[in-house]
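**Q** Here the protein sequences line up with chains A, B and C, keeping their order. The opening position of the first sequence corresponds to residue 30 in our numbering, with each subsequent residue numbered one higher. The opening position of the second sequence corresponds to residue 265 in our numbering, with each subsequent residue numbered one higher. The opening position of the third sequence corresponds to residue 1480 in our numbering, with each subsequent residue numbered one higher.
Some hints could be false.
What the hints assert, rightly or not - The calculated DSSO-like cross-link candidates involving lysine-lysine, where the alpha carbons are at most 27 angstroms apart (straight line), are:
#1 A:Lys207 with C:Lys1761
#2 C:Lys1580 with B:Lys305
#3 C:Lys1761 with A:Lys80
#4 C:Lys1726 with A:Lys347
#5 C:Lys1581 with C:Lys1726
#6 C:Lys1522 with B:Lys306
#7 C:Lys1522 with A:Lys79
#8 A:Lys207 with B:Lys368
#9 A:Lys347 with A:Lys80
#10 C:Lys1582 with A:Lys347
#11 B:Lys368 with C:Lys1650
Hints are computed from structural coordinates only; laboratory data are not their basis.
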Amino acid sequence: MRRRIVAGQVFALVMAVVVLAPAPLAGQSSGKAPAVNVVKPVVPGVNVVKKTPWGDPDLQGVYTFSTLTPLQRPEALAAKVALTEAELAELEERDAQNRVAEDRPLAPGNPGTYNNFWTSNEKGRRTGRSSLIVNPPDGRRPPLTPQAQERRDQLTSEAAARRVGTPPFDHVIYRSWKDLPAYTQCVSRPMPRQSQAYNHGLQILQVPGYVVIHYESMHDVRFIPLDGRPHLPDNIRLWNGDSRGHWEGNSLVVDWTNFDPRQEYEGAPQGNMHFVERFTRVDAKTINYEVTVDDKTTWTKSWKFLLPWRAADGNYQKPEDLYEYACHEGNYRQMEDALSGSRAVENTAPK
Amino acid sequence: MRTTLLVILAAGGLFVNVQAHHAFNSEFDAARPIKLTGVVKKMEWINPHSWLTIDVKRPDGAIETWEIEAGAPNAMFRRGFNRNSLPIGTEVVVNGFQAKDGRKRANGRDISFPDGKKLFMGSSGTGAPGEGPLKP
Amino acid sequence: MRSRFTGLTIALAAVAALSLAASRVVAQTPTQAYRAPRTPAGKPNLNGIWQALNEANWDVEAHGTGASPFPELLGALLAEPAGQGVVEGGRLPYTPEALAKKKENFAKRLTRPTSRELNETTGDPEAKCYMPGVPRATYMPFPFQIVQTPQEILIAYEFANAAREIHIGRKPEAPAESWMGWSIGRWEGETLVVDVTDQIDRTWFDRAGNFHSDALHVVERYTPISTDHLMYEATIEDPRVFTRPWKMSMPLYRRVEKNALFIDFKCVEYAQEFMYGHLLSK
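With the rest of the complex left out, here is chain A (with noise of 0.2 angstroms):
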C-alpha cells in the first residue's frame, strides 16, 4: 500500500522524535521510550487546533505554569531525561506527602518562610522529564563566561560583607530599599515567569493584530504585536522587556528584548537577554512554552526550557479565577520592617 508523504507529517514525525526520545545514554533502567510524557508534540490532524475568526491559531484561556519539575536536572540524575508512567506515579505521590509534612521543625537561626497552607495547592505536577531544560542535552544550564562568574563573585563577596552578628542568628543589612531584589521591592518580578511558590496563573487574549498575556503575578500585561513592526530603540529598557510576533505555522514565535540592565533573571543582570518564545497548542488544555535563552556575556552558549501552560488546573479555570495581586501597593510594612530591622541591628551589633 502506498503512502503519501506529506511534509507537515515528516515534520511532525522528527518533532515527535525530538521531544519525546530520551538523549542516547547509559544508565536508563529500560531500553523502551518512556510510557508518559506530558511535553506532547504537535501532530497534524491530531491536535485540533483552533482558530480565530480572523484566522490566527487559538491560544486563548487561562492557564498555569505552576510544576515541581525543576529548571535543572540534578546532577546525580545526569542520565536521565524522562520518567517513566511508574516512576511519575511515585514521584507525584512523594510530593504529595511533602505537602503534607506540615510541622517541620525549623533549623535555629531560620524565622520560617512560607508554608505549605499558603502554597501547596498550586504547586501543580510533574512534566515527565527530569529538568525543564531541554538544551543543553544535560538538562543543565551553560558554564558561565568569565565575567559572569566574576560579577557573581563580587556579589557574593559584597553581600557577605553586609553581614552582622553570630550564624546562625546573623543578619544581612539593608542600606537602602536597592539591597532588596525588585520583586521584593515589588518594582518588577522578573520574566520569563518559571513556577515558584504561588500565584502561577494567566490568561492568554487574542484580538486581530495581537497576542496579549495577563499574568496574575504583578498584574503584567504583555502586548504582542503580531504586524512586524521592528522593536523600540535600544536605548528603551522595560523591566518587561519589549516583545514582538509572528506565526510559524501553528506556533507563535516571539522576539524579546530591551530588558531593563537592573533586573536579574537566574542570578544574572538582563540588560544583555535574548529571549525567543515558541507557544504552540498541543492539545485543548495544553500549551507548549518553548523558550531559548541567549546571552553570551553570561553563559557560553544559549539554552532552551520547557514548560507546559496548563488549563486542566482546579485553581485557574476562568477569568475571575485571577485575582488582583497589588504588590507595592501592601509591601508597606515589608519595607519598613527590613529597613528600619537593619537599622535596629545596625545599632546594636557590632561586626
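Go by the hints and put chains B and C onto chain A.
**A** Coordinates of chains B and C only, in the frame set by chain A:
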C-alpha cells in the same frame, strides 16, 4: 537505584524555584521567638502578604496590638476563602518571630485556635533568591 | 376653526420647548447615532489604545491655574493648568464632614508617609505609584489599551501598569476589595456598561484630594462616537461621602500614530525615596 533517583527528584521539589516575594528572615529575628494569644481585630487578605491584627492581653491587663504577617491570599481565594473568613473577635494563638526592630510585628509561623486546631501551618524553608545562602 | 395665527403660535411654542429641552441636555451626552464597526462577536469594537485629553487628573471640578507644589524647585514646570471640569452640575455634592476631609486631603497631599498609619490615611496615592482605581485610571495622563474578547474585556493602563478585567455574561463575586475594583460588564446597544464595586477606599479621584469610601459604586459607559473617539461617562454613588450620586463625562481619544504601542510606566522605583527615604542607612 530507581528509589534513590526519585528521592533526589522529590527532595528537589521542596526547595526548587521558591521564588516568592521574599523570605521572612529579612524582617523577623530568629532569635526572638514569640507566642501570643489574642483576639482578631482585622484580617487583611492583601498582597503581597496577608496581615492579621490581633489584640493581646498582657498579664498586667494592658492590651497590645500586634500585626502578624502571613502568606499571599490569592491561592486562598481560589480555595474559597474571602474577606469574611476570619471574623473579628476570633481568638487565636500565634507562634512566630518578632520584627528585628522590636516593633509589635511578627510572622505567623503557626496560627491556631485555642483548642489547638491549626489555622495556618508553619514549616521550615529557604531564603528567597539573592538573600544569602540556603539555610538547612 | 383654527386660524393660521394659532397654528403658528403652536409651532413657535413647540420650537421653544424643544430648544429649552435641548439646552437642558448636559453638554457631553452623545446624541449622534454613530455605529461602530463590529467585532467578530457582533459587538461595537472598542479595541485600541486610548487616552483622555483634559485636566481632570489635576481636579475633576472646574479650577483655575495654580503653582506646582514646589515652585522654588520647579518653576513653571508641573504648574497646574485650568480646567472646565468634568463633573456634571459643577461641584461635587459632599456632605459637610466629607468636604472638610477633602480639604484636609489636599493640604496633606504630599505628606511623606513616615509610618504605616500615615501611609494609609494621608497623601495622594499617585505620588506613591499606587494603582489609581476607577474612574481615575481612565483620565490619568497616560494611554490605556482595551482588549475586547466576547467574555472578557481587559483594560491595561500604562500608569503603574494597572490592569483590570471586565467579566461579560456572568456575575462572579469578589472575594475581597481591590485597588482596581471588581468589574461586571454588559452591552446596551452601542454602549459598554460596566458596574464597578469593591474598590478599596484609598484611591482618590484626582490630585485635589477628592476621595471616596469603600461604599463606592461606579457605573461606567463607553460609547464609540466616531472611528477615533469614545464618549466616557461614569456615575459615582457613595452615600458615606456624597449627598447624592453624581456623574462625570469626557471624550477619549484614540492614539492614531503609526506603531502606537502600550509601554508600561512602572513607577514604583520613582516613589521609593518619597516613601522609604527616612529608613536609609545613615
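**Q** Look at each hint and say if it fits the structure.
**A** Consistency of the hints with the structure:
no.	hint	result
1	A:Lys207 with C:Lys1761	holds, 15 angstroms
2	C:Lys1580 with B:Lys305	holds, 25 angstroms
3	C:Lys1761 with A:Lys80	violated, 60 angstroms
4	C:Lys1726 with A:Lys347	violated, 33 angstroms
5	C:Lys1581 with C:Lys1726	holds, 18 angstroms
6	C:Lys1522 with B:Lys306	violated, 44 angstroms
7	C:Lys1522 with A:Lys79	holds, 22 angstroms
8	A:Lys207 with B:Lys368	holds, 25 angstroms
9	A:Lys347 with A:Lys80	holds, 20 angstroms
10	C:Lys1582 with A:Lys347	violated, 43 angstroms
11	B:Lys368 with C:Lys1650	violated, 41 angstroms
The structure fails to meet hints 3, 4, 6, 10 and 11 from the earlier list, while all remaining hints are met.
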